[in-house]
Amino acid sequence: MAAPAPILRMSGIGKQFPGVKALDGVDFRLLPGEVHALMGENGAGKSTLIKVLTGVYDIDAGEIELEGRRVVFHSPLAAQHAGISTVYQEVNLCTNLSVAENIFIGREPRRLGRIQWKKMRRRAAELLSRLDLDLDVSAPLSSYSLAIQQMVAIARAVDIDAKVLILDEPTSSLDAGEVAQLFRVMRRLKEQGIAILFVSHFLDQIYEISDRMTILRNGRLVGEYLTSELSQVELVGKMIGRELADLEKLEGRPPANEAAPLVEAVELGRSGAIEPFTLTIHEGEVVGLAGLLGSGRTEVARLLFGADHAGGGTLKIGGEQVSLRTPRSAVARKLAFCSENRRAEGLIPDLTVRENVILALQAARGWTRPIPRRKQDELVDKYIAALNIRPADPEQLVKNLSGGNQQKVLLARWLILEPRLLILDEPTRGIDVGAKAEIQRLVAQLSDGGMAVLFISAELEEVLRLSHKVGVLRDRKMVAQLDNDERLTTDTLTETIASGARS
Amino acid sequence: MTSIAGGLRSGRVQLPQKYIPVLVTAGLFVAMFVAGGIRYEGFATGQIVLNVFVDNAFLLVVAVGMTFVILTGGIDLSVGSVVALSTMIAASLLKDGWPAFGVIGLVLLIGAVLGLGMGAIIHYFEIQPFIVTLAGMFLARGLCYTIGTDSIPIENGTFTSFAQTRIDLVGDMWISPSVVIAVLVVLAAAYVLHYTRLGRNVYATGGSEQSALLMGLPVARTKIAVYTISGFCSALGGVLLSFYMLSGYGLHAVGMELDAIAAVVIGGTLLTGGSGYLLGTVLGVLVLGLIQTIISFEGTLSSWWTKIFIGLLLFAFILLQRLITARRR
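Those protein sequence lines, which keep their order, are chains S and Y. Just so we're aligned: 485 in our numbering is position 485 of the first sequence, and the numbers increase by one with no gaps anywhere. Just so we're aligned: 1157 in our numbering is position 157 of the second sequence, and the numbers increase by one with no gaps anywhere.
Same shape as in the complex, but just chain S (with noise of 0.2 Å):
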């Protein structure tokens, strides 16, 4: 194949942390106007060859060449001036600032130390448009989406002539037309030449825009496949270096037995978050909520939950009629919610694993009763064995765990209490598919030893396999509930929340 010469290479790559080689021998190359996904589990070492990359790190072993010149980056900084630019998953901008500004602020046109405001943002305006993007380009950027802010933090890092850009999960937090959207614009700046390096944990998106892949597993280079010529089963082989097999043997599960009703919320609703719906959890059994984003999903859990007040409606846990005022009152009843947001709402970053483990359990028993050291250590160890957290040093700070990790953290908090419901929201966002399909088989398990589970994704697929119901929701709605049997497939639910009923 007469392939372009690289306009990066990194051969013999090598990267030693305390303890761990987070990188051994690994190459990589980057051919221009090609859109390259970087492959690989959680740990396999993506971050850290990006960092490496970028002069985030030095490296210890191999070398990296830029458009045939050998080149050493110290610091980020020097990686952009070479023409390097990265726009990590969370945006790096000031949302404070007028778009023009935060393309510009930096490298302002100047006359005389004077900032040239009209220059600024007519360049601005034509560096957008080019990326077919018509924004007010004066407007602060506060005012515009995510997915907005994060083509301007792209439009900012092409702009200092770039040759290679990185996107670190630049999707995660996207909904589906803006990932249409910002796909269209990395396919402009394809087309201009300029090499793309994109990590995603979404399959179908690596397929749908990258061209070439390169795969990494526990920090050693798998190989390098076009995209075209690699399914994605045997993808997924290659990064988790054993078939699917556990993700395909938990299809095909028994119903939940009919046990006792744990959970009947009757009529419950909130004005402006979600219409009255009527919903049953029984004991051990897994409820599904598929729906777009911002369709409602959270909303039902929080009010189940007591995060937010029901305006109407009656909830009976285990037969008995409550009114949960807050979500204390939900954990004195064994309920338990893992929150979509780990990073913002759950997991204290700066605490170690041993720490935010029994911060439930202590604070259901009241400060004033200390759990015994002992105690806490062995309930922690034995959580971290069944949950697989790694690495397994429950003195380790959360922030230092990689993001399947900490959401282990979480749900080991969670577990700990013993709740009768518990509540996951988005638990396998952003996370790879190994600690997928362990949280997955985690759930499964914890069903079938009797706890009920509400269990909400945005993947479909996902909530097919665990589900043995799934409430569809649809603006703010509970429009269907569906029993998951031979029938339902991501079709039908794909129809029904498209439509907003069962055809």
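Note that these hints are calculated values from the structure, not bench results. Heads up, a few of these hints could be off.
A partial selection of chain S residues facing chain Y, derived with a Cβ cut-off under 8 Å [what the hints assert, rightly or not]:
id, residue
1, Q80
2, L93
3, N96
Built from N, CA and C at the ideal position, the CB exists for glycine as well.
Using the hints provided, position chain Y relative to the given structure of chain S.
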């Protein structure tokens, strides 16, 4: 090709939200002025407004420095003490026969260096500005008393002429030279904030320090610069206060840091940083000054009512800020 963002562009036609706090303050000022004019005879004159400037020129200068600091999301509690220290140094050196402009230059330098030091400590040791400037506040106030515990009168000719000169405007209206200096400071600061990289970096740092760093902006330099500016403005405020008081005293400007913060907040600058205008700060100072004027016109009210009104206003404006930021989210 059609624009793909077209559909996402909201139909914002009303005036930009960022101007609302400033407009509210301006409206409040006009309302107070009109109400005063109806209630008191001889109130609704231009000189009333100018007197507010004359009596608060030093506060205005100090509040300008405070605006820079608050825009980065910081706070400077040392300003009142630095003002007092400046009057003290100026008065004692003048008594020893130093030339007036030499004294002024030295005082400004000392203020800037104090600010620079605090800024450096805040940035390099990653300590909260609150605590560092609190230390600076005690330090500067304490230094006043090492110079002298009593009030030192100023008899220098240059200072007294600054104090007594009236610059006549149209009609019977007049201002003092201090007002001219304060207005020049405001104009220079507004230019810096709006038209220079330093100014924009101040806003960016206040918006998100983390992002500003990742965008490659000189956050360290910016943060240290704002405290230096604040120290300089405090020293200049001290010079203007010694024109006004013609004395140096360790008990001058007690609590002025709080007046300055109040003026900035009432002027619509967000305490969390990143949003606000110098014009707002000017209006904030005017509102505070006009409250004092109204209370002195009322005659029967104790001057403590000034504090009560300022307190109520602060509550109202903090709530307003909260509402606006909540809606933006």
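Against the structure, the hints come out as follows:
{"no.": "1", "hint": "Q80", "result": "holds, 7 Å"}
{"no.": "2", "hint": "L93", "result": "holds, 6 Å"}
{"no.": "3", "hint": "N96", "result": "holds, 4 Å"}
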